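A.B. asks: Given the coordinates of chain A, work out where chain B should sit on it, guided by the hints.
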Amino acid sequence: MNLGRVLRATVLFVLLLALHFSVRPLFPARFAVNFLVIALLLAAVRLRPAGGAVVGFGLGLLVDSLAPGTFGAGMLVMTLLGFSASWLKAVFFADNIALNGFFIFAGTWLYDLLYTVIGGRAAGGEFLMQALVWAPLSAAATAITGVLLLFLLRPLLEARTT
Amino acid sequence: MRRSVAQGSRVDTVVAGVCVLLALLALVVPDDVQQPIASAMRQTAGVPLVRLQERAERSRNAFLSHDSVTRVLDSLALRSMSMQPLETENARLRALLGLGRRLEWGFIPAEALTDRGPGDEFKLSVGSDAGVQPFTPVVAPEGLVGMVRTVDPTMSLAVLWTHPDFRASAMSEDGTTVGIVQAHLSTGPERYLLEMRGVPFRSALKAGTLVVTSGLGGTYPQGLQIGRVVGELKTAEGWARTYLLRPTVQPTDVRSVMVLLPPRASAGIESVWATARGADSAARAVYAWGDSIYRDSAAADSARRAAIADSVRADSLRRFPPTTAPSATPSVTPSARSAGSPVASPAPTPVRPPAVPPPTP
Chain A
1 MNLGRVLRAT VLFVLLLALH FSVRPLFPAR FAVNFLVIAL LLAAVRLRPA
51 GGAVVGFGLG LLVDSLAPGT FGAGMLVMTL LGFSASWLKA VFFADNIALN
101 GFFIFAGTWL YDLLYTVIGG RAAGGEFLMQ ALVWAPLSAA ATAITGVLLL
151 FLLRPLLEAR TT
Chain B
1 MRRSVAQGSR VDTVVAGVCV LLALLALVVP DDVQQPIASA MRQTAGVPLV
51 RLQERAERSR NAFLSHDSVT RVLDSLALRS MSMQPLETEN ARLRALLGLG
101 RRLEWGFIPA EALTDRGPGD EFKLSVGSDA GVQPFTPVVA PEGLVGMVRT
151 VDPTMSLAVL WTHPDFRASA MSEDGTTVGI VQAHLSTGPE RYLLEMRGVP
201 FRSALKAGTL VVTSGLGGTY PQGLQIGRVV GELKTAEGWA RTYLLRPTVQ
251 PTDVRSVMVL LPPRASAGIE SVWATARGAD SAARAVYAWG DSIYRDSAAA
301 DSARRAAIAD SVRADSLRRF PPTTAPSATP SVTPSARSAG SPVASPAPTP
351 VRPPAVPPPT P
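Protein sequence lines correspond, in order, to chains A and B. Residue numbering for the first sequence follows our numbering, starting at 1 and increasing by one per position. Residue numbering for the second sequence follows our numbering, starting at 1 and increasing by one per position.
Hints were generated in silico from the structure; no laboratory data involved. Fair warning: this is a prediction, and the values are worked out from it, not measured in the lab. Glycine included, every Cβ here is placed at the ideal spot set by N, Cα and C. It is possible that part of the hints are untrue.
[To be verified] Over 12 angstroms on every C-beta distance to chain A, these chain B residues come out as not near it, computed from the model:
#	residue
1	Ala16
2	Val20
3	Ala40
4	Gly46
5	Ala95
6	Asp174
7	Arg191
8	Leu261
9	Ala303
[Stated by the list, open to error] Examples of chain B residues toward chain A, derived with CB under 10 angstroms:
#	residue
10	Thr13
11	Leu25
12	Ile37
13	Leu49
14	Ala207
[Claimed, not checked] Quick list of simulated restraints, FRET-style, between CB atoms:
#	chain 1	residue 1	chain 2	residue 2	range
15	B	Met83	A	Glu126	45 to 55 angstroms
16	B	Val29	A	Val117	32 to 42 angstroms
17	B	Asp74	A	Val6	20 to 30 angstroms
18	B	Ser80	A	Leu7	52 to 62 angstroms
19	B	Leu25	A	Phe127	18 to 28 angstroms
20	B	Glu57	A	Gly125	25 to 35 angstroms
21	A	Pro155	B	Asp74	43 to 53 angstroms
22	B	Ser68	A	Glu126	45 to 55 angstroms
23	B	Arg71	A	Leu132	35 to 45 angstroms
24	A	Leu132	B	Ala77	48 to 58 angstroms
25	B	Arg71	A	Asn2	31 to 41 angstroms
26	B	Arg55	A	Pro155	28 to 38 angstroms
27	A	Asn2	B	Arg55	27 to 37 angstroms
Here chain A stands alone, though its shape is the one from the complex (with noise of 0.2 angstroms):
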């Protein structure tokens, strides 16, 4: 990868970051799109297993470091979900945009449901609810909307190959 690319890819990295802490909270609602899960996930795929982790651990931090409740949790769903994206790609995933949706939906899926797990936030019917309608409704728009976001910049974007 080229330092344009890397230098693109960096931006569309820090645009989502910015938009995950300015759109979100626009439309404060019980499932909402995670923009920092597409984020993790279309930097994870562009790097090496390693890369992955630590760019998760980072994201991590910085949720947990803003919602202190729950410190450490963010930290270790994201590492797990950078590394098994970039482990993923690498081993199963062609560059093909409904794969990177399905690989979406269930990365927010699963962020949202270890998130909640390990952050305590919710039990008995409350989880249920959270786990099987919230949870996969957020993953959904996020998964909408990272397909949208493929879709308009992949002449930008390159998927690492190897």
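C.D. replies: Leaving out everything else, chain B in the frame of chain A:
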């Protein structure tokens, strides 16, 4: 090649493992270890993101509260529009209360009811049941309003000073000039002025002179304010002057009034409006007194400065006597000074000059 790939995956796994370990450690460490790390992140990388979030929240709140803020602004604007008449009415009622306190007895407060705005006649909300009689004066805090003409048990009809039949025997405030006041029956804006007719030719009134009722004729007691002189009207009558007056009571202000009962009118009401005038002149006197004190202190200051200058001059003359004859020396005697200047004395204490210096020939 295969070896390097295996090494790479091993490095990836180790790095990911370290990250996971660190995350797990962050989960289990106590709160006082977590907080400094979180705080350091918030104060560095988190600052722009927190700002972004804050602005987004603010924008959303502004958007959501726009409608309610607009509603509040609208109702506030509506209320402020109705505040001005309320304030005016409040001030007027206060004035009326003050008038009632000065009159003390023998009056009936009433509402002036006009159907089509200010006209020549108006209804009063009190009648003979309350003791109102025909030809009873109607007054306001500013002065004379008119006179009751017809009385019913529960209401009365009164004429305003704008009525063509209105007449009042009047005099200047100092009582030196007398005349008859009536409505100025012209067209245009001057219709709402009064004229004072029959003023002896030898009596000239200055603009701004207050005209009050003279008490002659028996209807209006002496001392009710009518208006102030605007200027003289040129008429064909050669034996008397006619003056144009600006009434103290405007027809639009006639809402809450007082009906003076005959016993009160007979007892005299000079002190009622004189008190208000007295307060006004007392205020003017206080201002004038303050001015004179300021003038006195300014004069004393200048006298003190002149005395100091004189003593310095005298000192220098003592130390360095002039070479000319002593008779030619400018003396420091009172006769050499102009009138009103301080007199130099051996003691350095300055002498206060008179407040008004005597006229110089």
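A.B. asks: Okay, which hints does this one fail, numbers in order?
C.D. replies: Hints 1, 2, 3, 4, 14, 16, 17, 22 and 25 not satisfied by this model.
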